[in-house]
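Asks: Next come the chains, spelled out residue by residue.
There are 2 protein chains.
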Amino acid sequence: MNNNPKRSGIRIALDAMGGDFAPTETVKAAVQAAQHNDVHIKLVGDKQLLNNELSKYDVKALTIDVIPSEGRIEEGGQPVLALRQNPSASISIATRLVKEGDADVVVSMGSTGATMACATLMLGLFGGLGRPAIGGHFHGLAPKTVVMDMGSIVDARPDQLLSCAILGQVFSNQYLEIPNPRIAVLSIGSEEGKGNRLTKQSFKLFKSTPINFVGNVEGMDLFTNKADVIVCDGFVGNVLLKFTHGLGIALSKFLETRLDGLIAADKINNLTQEVIELHDATRRIGGPLFGVNHPVIIGHGSSNAQGISGVISTAIRVVDLKLIDSMKKAISQLNADEKTA
Amino acid sequence: MNNNPKRSGIRIALDAMGGDFAPTETVKAAVQAAQHNDVHIKLVGDKQLLNNELSKYDVKALTIDVIPSEGRIEEGGQPVLALRQNPSASISIATRLVKEGDADVVVSMGSTGATMACATLMLGLFGGLGRPAIGGHFHGLAPKTVVMDMGSIVDARPDQLLSCAILGQVFSNQYLEIPNPRIAVLSIGSEEGKGNRLTKQSFKLFKSTPINFVGNVEGMDLFTNKADVIVCDGFVGNVLLKFTHGLGIALSKFLETRLDGLIAADKINNLTQEVIELHDATRRIGGPLFGVNHPVIIGHGSSNAQGISGVISTAIRVVDLKLIDSMKKAISQLNADEKTA
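These protein sequences, in sequence, are chains A and B.
Counting in the numbering used here, the first sequence runs from 1 upward without gaps.
Counting in the numbering used here, the second sequence runs from 1 upward without gaps.
There's no promise every hint is true.
Stated by the list, open to error - From the derived model, a few chain B residues whose C-beta atoms are all more than 10 Å from chain A:
| # | residue |
| --- | --- |
| 1 | Gln-35 |
| 2 | Lys-47 |
| 3 | Val-66 |
| 4 | Glu-70 |
| 5 | Leu-81 |
| 6 | Lys-144 |
| 7 | Glu-277 |
| 8 | Lys-328 |
| 9 | Ser-332 |
| 10 | Asn-335 |
To be verified - Partial list, computed: chain B residues near chain A (C-beta under 7 Å):
| # | residue |
| --- | --- |
| 11 | Leu-83 |
| 12 | Leu-141 |
| 13 | Val-154 |
| 14 | Gly-219 |
| 15 | Met-220 |
| 16 | His-245 |
| 17 | Thr-257 |
| 18 | Arg-258 |
| 19 | Leu-271 |
Don't read these hints as lab results, they were simulated from the structure.
It should be emphasised that the depicted structure is a prediction, and the values quoted were computed from it without experimental measurement.
Every residue, glycine too, gets a C-beta built ideally from N, C-alpha and C.
Just need the whole structure built from these sequences, with the hints factored in.
Replies: So, in structure tokens, the structure goes:
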């Protein structure tokens, strides 16, 4: 739930079949969102299941439609193949609503692969990434530090990292309200000559553009506020992301043991839960796919209604801010600068 | 200090000028080590400074020599250049002792770059790595899980990762006493096709050898005991290493705030100190440079005497186990297998 003031009729295509607790929690979240925001929710999924869920609530005053679809794409496997075999799956239909101008934003709790595939194939990309980038704040203890990419742009080229930098800069500036965000390349030494082939080439490229490039940062600098947007290859970002997730779980067990008997069990539980969530920041809050022509917001598969409401709030904010337009403009501006340079 | 039984006359070349607290703490550690082990310590450094430090202790019954050197190489900068300008620096002289058969192992608290350069240029490498690899257990919460490489072999080739795997396997088996260690490639998906160019090619190569290869693991698997030796490019390993270090510091501050008033201040302090150390595992314990023809053990620059004693214990154990011989044999065996395959 959120306490934002009423919004002006944003149309949300919610993949009501996506996520571990669909459709019960997706529908509950949709009802909450419609109660608290002036939004039009288009619930995409199995008609009967969704109507059953909706019958639990008083939805007369709310703008919630059911858009029928058939089946859902599970996490894992080959999403493009799965979508071909199942063209009326909920994520396809939800994405088509945005493609055809019947909704402003896609919201999905996964599968990530299928959502990214639909976004790429049906909505198209800008910025030359080849795939949508995954970005956002990385760790709960550094909530304003954005990392891009976290698992999509693997074996990246320097120009792709530059696009990630621009998209991250706009996100940092407009969504996180950081004035003139500082951009850095994640490397293994702060000097220009330190790093691997990709980071050395990227350093040179970044330096040649008008972006606010502050040079290389190292792993510890995700916590030192030396940069607002830290750019890395998707392989590195994804290893870090999953390592952090695993560490959060390991740490919560460690703290449970160490604090046992020292403070009350419920306090330990709250703390370990907070530690897990801090280490799972990106996946829990939900964020836009970067470089897609229309807004697509992905949340965590294990989200409950409260989590999904948060993802819907993110979607509303992304649309309200016209974030995608700003990102396209920033990429065009960079390309224009390069041509005149 | 350590409580090992007396050892049989291992000769240790200790760079007494290396590390943040040299020579006070290096000399103190040398005295402790000589008191508790049948070792011959060759303290390399400024003669007068070292003798001043030694005069604080009763060393009559101990086998501690002072080997004079001039100057020290500071952390950072260009180590090879610094060594050329300063050929009698402590790390050069210490390494020469091993090269000329006058000591069995080099022990240094840094600079890491200079120690690696001396090892490479004076002692030589095996296994085709081009540089010594950095490996060891990565996180205190997974003390038996070895990660290689952590910052040396950047832009690695698959054959270099294979060498890292073999070296790590011998270390895991003999030093950590893991029977038949499981080897994995760190990637961003467990299936063979997942990853970047390097991990995909490495998967194929590893599969074609007789090593105990268990496939890809992901970032969270540094804590899930799916593999004993996790191999990655040094760029990835170094980003992870430094990220983990930074996270440990950030977490200790977080816990300090959260536990303030709930438990006694000294208990908080112990816990946060433990958290920092858990996140700095590799650097604190000291470990061998992998792929160097003779044993070279590097410890953390910020080590005090107790930490340096631990690094000396590591050195004694590496020599006692004849770890380098086993590693060379394992690499030769693999090459022989490849030729007959």
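Asks: Next step is simple, just say for each hint if it's right about the structure.
Replies: To see whether the hints hold, each was checked on the structure:
1. Gln-35: holds (33 Å)
2. Lys-47: holds (34 Å)
3. Val-66: Non-interface label on Val-66 (chain B) holds, nearest chain A Cβ at 35 Å vs cutoff 10 Å.
4. Glu-70: Glu-70 (chain B) is indeed farther than 10 Å from all Cβ atoms of chain A, at 27 Å.
5. Leu-81: Fine: 13 Å to the nearest Cβ keeps Leu-81 (chain B) off the interface.
6. Lys-144: Non-interface label on Lys-144 (chain B) holds, nearest chain A Cβ at 13 Å vs cutoff 10 Å.
7. Glu-277: Fine: 12 Å to the nearest Cβ keeps Glu-277 (chain B) off the interface.
8. Lys-328: holds (28 Å)
9. Ser-332: holds (30 Å)
10. Asn-335: Asn-335 (chain B) clear of chain A: closest Cβ-Cβ about 27 Å, beyond 10 Å.
11. Leu-83: Not OK, violated: Leu-83 (chain B) not within 7 Å of chain A, min 18 Å.
12. Leu-141: holds (5 Å)
13. Val-154: Where the cut-off is 7 Å and the nearest Cβ of chain A is about 5 Å from Val-154 (chain B), the hint holds.
14. Gly-219: holds (3 Å)
15. Met-220: holds (3 Å)
16. His-245: holds (5 Å)
17. Thr-257: Since the shortest Cβ distance to chain A is 11 Å, the answer is violated.
18. Arg-258: Since chain A brings a Cβ to about 6 Å from Arg-258 (chain B), closer than 7 Å, the hint holds.
19. Leu-271: Interface hint status for Leu-271 (chain B): holds (6 Å vs cutoff 7 Å).
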